[in-house]
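Asker: Sequence:
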Amino acid sequence: MIRRNAVCVTLVLLLASAAFAQMEMPKPAPELQKADYFLGNWSMTGNMKPSPMGPGAR
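Heads up: the sequence shown is residues 288 to 345, going by the working numbering.
For the record, the hints were derived by calculation from the structure and aren't laboratory data.
It is possible that part of the hints are untrue.
Cβ pair distances, simulated, as ranges [stated by the list, open to error]:
id: 1; residue 1: Q320; residue 2: I289; range: 55 to 65 Å
id: 2; residue 1: R290; residue 2: P315; range: 46 to 56 Å
id: 3; residue 1: N292; residue 2: W329; range: 57 to 67 Å
id: 4; residue 1: D323; residue 2: A344; range: 25 to 35 Å
id: 5; residue 1: R290; residue 2: Q320; range: 26 to 36 Å
id: 6; residue 1: L326; residue 2: V296; range: 26 to 36 Å
id: 7; residue 1: E311; residue 2: P339; range: 41 to 51 Å
id: 8; residue 1: K314; residue 2: P339; range: 51 to 61 Å
id: 9; residue 1: Q320; residue 2: M288; range: 35 to 45 Å
id: 10; residue 1: S304; residue 2: L326; range: 33 to 43 Å
id: 11; residue 1: D323; residue 2: R345; range: 41 to 51 Å
id: 12; residue 1: L302; residue 2: D323; range: 37 to 47 Å
id: 13; residue 1: N292; residue 2: Y324; range: 37 to 47 Å
id: 14; residue 1: P337; residue 2: E311; range: 33 to 43 Å
Every residue, glycine too, gets a C-beta built ideally from N, C-alpha and C.
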């Protein structure tokens, strides 16, 4: 009885791992190509005026 249960559990685990191994990543939606515009390196500069919280900075 214990041996039969061990064999059943082993078979279930092997079948489950085989099912996960066959899954592939889904393709991105075509709408995401519009976001390619925002790819790249961005930099930003600004001015901070002096206040009671601290000195000004650039």
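Asker: Please go over all the hints and tell whether each is borne out by the structure.
Answerer: For each hint, the structure was consulted:
1. At roughly 56 Å, the beta carbons of Q320 and I289 sit within the given window of 55 to 65 Å.
2. Between R290 and P315 the CB atoms are about 48 Å apart, so this pair conforms to the stated range of 46 to 56 Å.
3. Separation of N292 from W329 is about 58 Å and conforms to the stated range, judged on CB atoms against 57 to 67 Å.
4. Restraint check, D323 to A344: a C-beta distance of roughly 34 Å satisfies the suggested window 25 to 35 Å.
5. Checked against the given bound of 26 to 36 Å, the beta carbons of R290 and Q320, roughly 56 Å apart, lie outside it.
6. For L326 paired with V296, a C-beta distance near 47 Å fails the hint of 26 to 36 Å.
7. Restraint check, E311 to P339: a C-beta distance of roughly 58 Å breaks the suggested window 41 to 51 Å.
8. As the Cβ distance of K314 to P339 is approximately 54 Å, the hint placing it in 51 to 61 Å holds.
9. The hint said 35 to 45 Å for the Cβ distance between Q320 and M288, and at roughly 58 Å that hint is violated.
10. Between S304 and L326 the beta carbons are some 36 Å apart, a value that agrees with the proposed interval 33 to 43 Å.
11. The beta-carbon spacing between D323 and R345, approximately 32 Å, falls outside the hinted interval of 41 to 51 Å.
12. A hinted range of 37 to 47 Å holds for the C-beta pair L302 and D323, which are about 40 Å apart.
13. Range check, N292 to Y324: about 57 Å between beta-carbon atoms, so the 37 to 47 Å window is missed.
14. Checked against the hint of 33 to 43 Å, the pair P337 and E311 fails, with Cβ atoms roughly 57 Å apart.
In this structure, the earlier hints numbered 5, 6, 7, 9, 11, 13 and 14 are contradicted, and the remaining ones agree with it.
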